[in-house]
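Number of protein chains: 2
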Amino acid sequence: MLPMKIEDEIKQSAFKSEYQKAYINLVYTSGYLQQNQAAMFKPFGITLPQYNILRILRGQHPKPATVSLLIERMLDKTSNASRIVDKLEAKELVTRKQCPSDRRTVDVLITDKGLELLRQMDDLEGGKGTGITNLTEEEAAQLNTLLDKIRD
Amino acid sequence: MLPMKIEDEIKQSAFKSEYQKAYINLVYTSGYLQQNQAAMFKPFGITLPQYNILRILRGQHPKPATVSLLIERMLDKTSNASRIVDKLEAKELVTRKQCPSDRRTVDVLITDKGLELLRQMDDLEGGKGTGITNLTEEEAAQLNTLLDKIRD
DNA sequence: GTACATTAAATGTATGTACATATATTTGCG
DNA sequence: CGCAAATATATGTACATACATTTAATGTAC
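Protein sequences appear in the order of chains V and B. Position one of the first sequence corresponds to residue 1 (our numbering), numbered consecutively onward. Position one of the second sequence corresponds to residue 1 (our numbering), numbered consecutively onward.
I should point out that these hints are in silico values taken from the structure, not numbers from a laboratory. Any given hint could turn out to be false.
Result set (DSSO-like, lysine-lysine): computed pairs, CA atoms no more than 27 Å apart in a straight line [what the hints assert, rightly or not]:
(1) V:Lys63 x V:Lys16
(2) B:Lys87 x B:Lys97
(3) V:Lys87 x V:Lys63
(4) V:Lys16 x B:Lys113
(5) V:Lys16 x B:Lys97
(6) B:Lys16 x B:Lys149
(7) V:Lys149 x B:Lys149
(8) V:Lys63 x B:Lys97
(9) B:Lys87 x V:Lys42
(10) B:Lys42 x V:Lys149
(11) V:Lys149 x B:Lys16
(12) B:Lys87 x B:Lys63
(13) B:Lys113 x B:Lys91
(14) V:Lys91 x V:Lys42
(15) B:Lys113 x B:Lys97
(16) V:Lys87 x V:Lys42
(17) V:Lys149 x V:Lys16
(18) B:Lys42 x V:Lys113
(19) V:Lys16 x B:Lys149
(20) B:Lys113 x V:Lys42
(21) B:Lys63 x V:Lys16
Using the sequences and the hints given, assemble the complete structure.
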């Protein structure tokens, strides 16, 4: 993608305020990064949400995780973990079985195949090649401070 | 939402780098803002993409816009403008008719009802109440600079 | 211990995204 | 002119999101 200011990108000449501009810029940039990452994911046959679930499961491994725990740790908490696990199960990247002690809950466990896939994908982590590395380390830290403040 | 650093929000204790942290922070914050805005939109009966299309149409008014122009100006260029226009047409917020001079193209025009809805929604613009205003004007400008650099 | 509330997960429905394909129209080249 | 390439829009399919509802199991109050 060519270097462009947000004004040029969306062909809106004037923003009402620096705030509105920052807001739109943030949403736009996030979409840009997500598309970028989705493209890098394609060769591996899983989507970003599926990848996020797998990473949580790897963090738990060899312990299983319940669906509730997955929802709790997901970036987007309102999404539907059950159906994402469906897809992962179909690809044999996780197993799912009813937990004996509380039969309402389900133990989700990453398989060896799932762990191996994550190993192959580890190089993608950290936003390498996504544009975030256009920043200096100091600028990245500055960005983190600003974003944390927005969510305060 | 309570004030939290990104580490606490997603319960991941250690990031590999300031870059990875910034990447995840950006995606997470953008999702947070979008959910926030979606909630503000709900009383008006339209979604964020539908709102974005309407704003572009207001910018063109009283000239019509083709679907191609909508796609070109949309924040997410790969999404499906045709079907979003379907929804807006069903709500009588836009009209659609074949353009006589080039019958491949379609003239999409915002209706009076659509303009009136946007007027009611104008207060929502600028990210007011979305957390972006937790920043000072100077910080917002700083954020804009950083984001533009990411997309360079 | 039965009845009611709570919790965990799955399912239903509408919307949007991503990408491939289809259909109609216009353009352009021989 | 006639036909292939390009263009504009629409449609099909798979996946994800958002939110409401359902189903089953557990906990709790009486």
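Checked hints:
1. Note on Lys63 (chain V) and Lys16 (chain V): the hinted pairing is violated, with a Cα-Cα distance of about 51 Å set against a maximum of 27 Å.
2. With a C-alpha separation of about 15 Å, the suggested pair Lys87 (chain B) and Lys97 (chain B) falls inside the 27 Å cut-off, and the hint holds.
3. The straight-line distance between the Cα atoms of Lys87 (chain V) and Lys63 (chain V) is roughly 21 Å, inside the 27 Å bound, and the hint therefore holds.
4. Straight-line distance between C-alpha atoms of Lys16 (chain V) and Lys113 (chain B) comes to about 24 Å, which keeps the hinted pair within the 27 Å bound.
5. A C-alpha spacing of about 32 Å is found between Lys16 (chain V) and Lys97 (chain B), which places the hinted pair above 27 Å, so the restraint is violated.
6. Using a Cα cut-off of 27 Å, the hinted pair Lys16 (chain B) and Lys149 (chain B) holds, with the two alpha carbons roughly 22 Å apart.
7. With a C-alpha separation of about 20 Å, the suggested pair Lys149 (chain V) and Lys149 (chain B) falls inside the 27 Å cut-off, and the hint holds.
8. Taking the CA atoms of Lys63 (chain V) and Lys97 (chain B), the gap is near 59 Å; set against the 27 Å cutoff, the hint is violated.
9. Distance hint between Lys87 (chain B) and Lys42 (chain V) is unfulfilled; the C-alpha atoms sit about 30 Å from each other, more than 27 Å.
10. Between the alpha carbons of Lys42 (chain B) and Lys149 (chain V) the distance comes to roughly 26 Å, so the proposed pair stays at or under 27 Å and holds.
11. Taking the CA atoms of Lys149 (chain V) and Lys16 (chain B), the gap is about 22 Å. The hint holds against a cut of 27 Å.
12. For the proposed pair Lys87 (chain B) and Lys63 (chain B), the alpha carbon gap of about 21 Å is at most 27 Å, so the pair holds.
13. Pair hint Lys113 (chain B) plus Lys91 (chain B) holds up; C-alpha atoms about 9 Å apart against a cutoff of 27 Å.
14. Restraint check for Lys91 (chain V) and Lys42 (chain V): satisfied, since their Cα atoms lie roughly 15 Å apart, inside the 27 Å limit.
15. For a cut-off of 27 Å, the pair hint linking Lys113 (chain B) to Lys97 (chain B) stands: about 17 Å separates their Cα positions.
16. Taken as a hint, the Lys87 (chain V) and Lys42 (chain V) pair is honoured in the structure, with Cα atoms around 15 Å apart against an allowance of 27 Å.
17. Taking the CA atoms of Lys149 (chain V) and Lys16 (chain V), the gap is about 22 Å. The hint holds against a cut of 27 Å.
18. At roughly 42 Å between alpha-carbon atoms, Lys42 (chain B) and Lys113 (chain V) are farther apart than 27 Å, so this suggested pair is violated.
19. Distance restraint check for Lys16 (chain V) and Lys149 (chain B): the Cα-Cα separation of roughly 22 Å lies within the 27 Å cut-off, and the hinted pair is therefore satisfied.
20. For the hint pairing Lys113 (chain B) with Lys42 (chain V), the CA-to-CA distance comes to about 42 Å; that exceeds 27 Å, so the pair is violated.
21. At roughly 23 Å between alpha-carbon atoms, Lys63 (chain B) and Lys16 (chain V) fall within 27 Å of each other, so this suggested pair holds.
The structure does not agree with the numbered hints 1, 5, 8, 9, 18, 20 stated previously, though it agrees with the rest.
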